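Student: Taking the hints into account, I'd like the entire structure generated from these sequences.
Protein chains: 2
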Amino acid sequence: MVFIISTTLKKRYQQKIIVKPKNLLALTILGNNSAIPSFNRSATAQVLQTQHESFLIDCAEGTQMQLSKYKVKRSRINHIFISHLHGDHYFGLIGLLTSMSLLNRTQVLHLHAPPELEQLISLQLNFASTHLSYPLHFHPIFKEGVIVDGKNMTVSCFAVQHRIACWGFLFKQKKNPRKLDPDKAKIYEIPAAFYEKLQQGEDYVTKKGITVPNKEVTLPATKPKSYAYCADTIYDETIAEKVKGVDLLYHETTYLKDLHERAAARYHSTTIQAAAIAKKGVVEKLLIGHFSSKYETLDAFLQETKEVFENTELAIEGVSYII
Amino acid sequence: MVFIISTTLKKRYQQKIIVKPKNLLALTILGNNSAIPSFNRSATAQVLQTQHESFLIDCAEGTQMQLSKYKVKRSRINHIFISHLHGDHYFGLIGLLTSMSLLNRTQVLHLHAPPELEQLISLQLNFASTHLSYPLHFHPIFKEGVIVDGKNMTVSCFAVQHRIACWGFLFKQKKNPRKLDPDKAKIYEIPAAFYEKLQQGEDYVTKKGITVPNKEVTLPATKPKSYAYCADTIYDETIAEKVKGVDLLYHETTYLKDLHERAAARYHSTTIQAAAIAKKGVVEKLLIGHFSSKYETLDAFLQETKEVFENTELAIEGVSYII
Numbered sequence: 001m002v003f004i005i006s007t008t009l010k011k012r013y014q015q016k017i018i019v020k021p022k023n024l025l026a027l028t029i030l031g032n033n034s035a036i037p038s039f040n041r042s043a044t045a046q047v048l049q050t051q052h053e054s055f056l057i058d059c060a061e062g063t064q065m066q067l068s069k070y071k072v073k074r075s076r077i078n079h080i081f082i083s084h085l086h087g088d089h090y091f092g093l094i095g096l097l098t099s100m101s102l103l104n105r106t107q108v109l110h111l112h113a114p115p116e117l118e119q120l121i122s123l124q125l126n127f128a129s130t131h132l133s134y135p136l137h138f139h140p141i142f143k144e145g146v147i148v149d150g151k152n153m154t155v156s157c158f159a160v161q162h163r164i165a166c167w168g169f170l171f172k173q174k175k176n177p178r179k180l181d182p183d184k185a186k187i188y189e190i191p192a193a194f195y196e197k198l199q200q201g202e203d204y205v206t207k208k209g210i211t212v213p214n215k216e217v218t219l220p221a222t223k224p225k226s227y228a229y230c231a232d233t234i235y236d237e238t239i240a241e242k243v244k245g246v247d248l249l250y251h252e253t254t255y256l257k258d259l260h261e262r263a264a265a266r267y268h269s270t271t272i273q274a275a276a277i278a279k280k281g282v283v284e285k286l287l288i289g290h291f292s293s294k295y296e297t298l299d300a301f302l303q304e305t306k307e308v309f310e311n312t313e314l315a316i317e318g319v320s321y322i323i
Numbered sequence: 001m002v003f004i005i006s007t008t009l010k011k012r013y014q015q016k017i018i019v020k021p022k023n024l025l026a027l028t029i030l031g032n033n034s035a036i037p038s039f040n041r042s043a044t045a046q047v048l049q050t051q052h053e054s055f056l057i058d059c060a061e062g063t064q065m066q067l068s069k070y071k072v073k074r075s076r077i078n079h080i081f082i083s084h085l086h087g088d089h090y091f092g093l094i095g096l097l098t099s100m101s102l103l104n105r106t107q108v109l110h111l112h113a114p115p116e117l118e119q120l121i122s123l124q125l126n127f128a129s130t131h132l133s134y135p136l137h138f139h140p141i142f143k144e145g146v147i148v149d150g151k152n153m154t155v156s157c158f159a160v161q162h163r164i165a166c167w168g169f170l171f172k173q174k175k176n177p178r179k180l181d182p183d184k185a186k187i188y189e190i191p192a193a194f195y196e197k198l199q200q201g202e203d204y205v206t207k208k209g210i211t212v213p214n215k216e217v218t219l220p221a222t223k224p225k226s227y228a229y230c231a232d233t234i235y236d237e238t239i240a241e242k243v244k245g246v247d248l249l250y251h252e253t254t255y256l257k258d259l260h261e262r263a264a265a266r267y268h269s270t271t272i273q274a275a276a277i278a279k280k281g282v283v284e285k286l287l288i289g290h291f292s293s294k295y296e297t298l299d300a301f302l303q304e305t306k307e308v309f310e311n312t313e314l315a316i317e318g319v320s321y322i323i
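As you go down the protein sequences, you meet chains A and B in turn. At position 257 of the first sequence (counting the first as 1) the number is 257 in my numbering, and the numbers step up by one without a gap. At position 141 of the second sequence (counting the first as 1) the number is 141 in my numbering, and the numbers step up by one without a gap.
None of these hints come from the bench; they were simulated from the model. Note that this is a predicted model, so its numbers are computed, not measured. All C-beta atoms in this analysis are idealised placements derived from N, C-alpha and C, irrespective of residue type, glycine included. Hints may contain errors.
[Unchecked claim] If you want a taste of the chain B side facing chain A, the calculated C-beta under 10 Å gives, among others:
#, residue
1, Leu103
2, Leu117
3, Leu120
4, Ile210
Tutor: The following block contains the structure:
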């Protein structure tokens, strides 16, 4: 896994994320703060970009402006996931939904969120006497399990422990096809019509009855990637099991370790608690965010977390983390 | 009336508005765009600052960030006015209300808005299981008339014509006291206890029965200032009567004059229509805003409007217009 952090602000603001090579995922941070925007940090929103589409995860106030600022195309977003109904995770949603309509979107948008949100959106549209230009499919989240079973990606939700009902999201790429070696396929005179079966791992049998082993003409598939987003949560060891072995784990660290009592009282986590989940979950990499507005700088967050789990990065606004 | 426009962006962003001399008003633009934020223009929000407090007028998404950016103190805001329930005028309200609570505000906040808004706020707070740290007094707007009768300012609302119920707001300073000339008051040996009556225009009668005419020891009061905000509206001549003679009139100009048919169809106004209202209303100065997202530059707006009403300015984000 390679993490790309662009070095200058100017570059970051102009950066356009292009997901290549194929089958990689790019997670772009649109906001990394908790509660109140402060020190130029926006509240929580992230976008997970694949080759095919983008998944928006939480949508704090100003997310539509952040999408523009960081050149993330709204038209690629087909699914939005809202973890819970605290404002710093969804107050930007209604603005984004109506702007998409004003821009004449026509394709379906799927919204996965706590059930109460449907009533709010409906009221806001009614009061404005507005009809969306596109179909909005609302999928209320009631229980853990698969919520999107797409062609290339499965998304599941899992419960985390917060002051109100709150959900984490687990994104798993589906099994990737094996890579065809076209030169070798030609040598064995395999017809192009059979290429898809080769990619699925089948051997080829020639007209003369000779078997060409699949491994002879294909290369191993890229390992499917996975990303887990843990939203807002108190320290909860059961999360480690739910995110077991993911390539990238995002876990909140609202407070530094000395404030563990305040963290627990507010159903949030500290640096070393996030690190403990990462370690216990044997994840590849940990990304920390949702920093309290009381902290002006973030160095201590990284330092404390790394002491327990070395492969940690800070979630920085405008940065895309390639998984 | 003096309009102060700071010349460089950098200066503007760092500018702190201090209202002096006494009894002047400063209108700071936090957003001047319609519908969708675009070309770095935010949607509608303004703050009218007096010596004593600040009045927030509309509250588009991102207003709380704009208040921070332009160093407008939230703690000075005691009244918020929402013209109508289109998102580009209120989607930032709930974020601001909850942030004020997270910052432990205790003083009363008065919210003047279309009645439906109360239900929305109540639902959003309930879903988040949040109780505000301060009393929020909701004042539903049903009809034209005085809605705030303060010590120094009267605020009235008036109907404008938009696609949904929409209100303009008229801010009028109360009659200012006459200015005392302390040197002359001493010469006539007028006791300090009588100064307030002098400021109210009374003559002073000495112990010997000699009348000191008020004009001998006071100077004329500053003329009370007035500001009218017309929100979103189709061209409506009756507005001219409602804003008659104000020092500053804000009128929307969503479109340039060639798009008058589109403006009418969408219940908006053009440049020359705003200018016609200003002319007919015999106002001192016109401020235009709520520019459509289709326009990248604004020069043509100013040019067209000035052709009909010379004393016009563009509403520019971050600029404070002193009334």
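Student: Which of the numbered hints are not met once you compare them with the structure shown?
Tutor: 4
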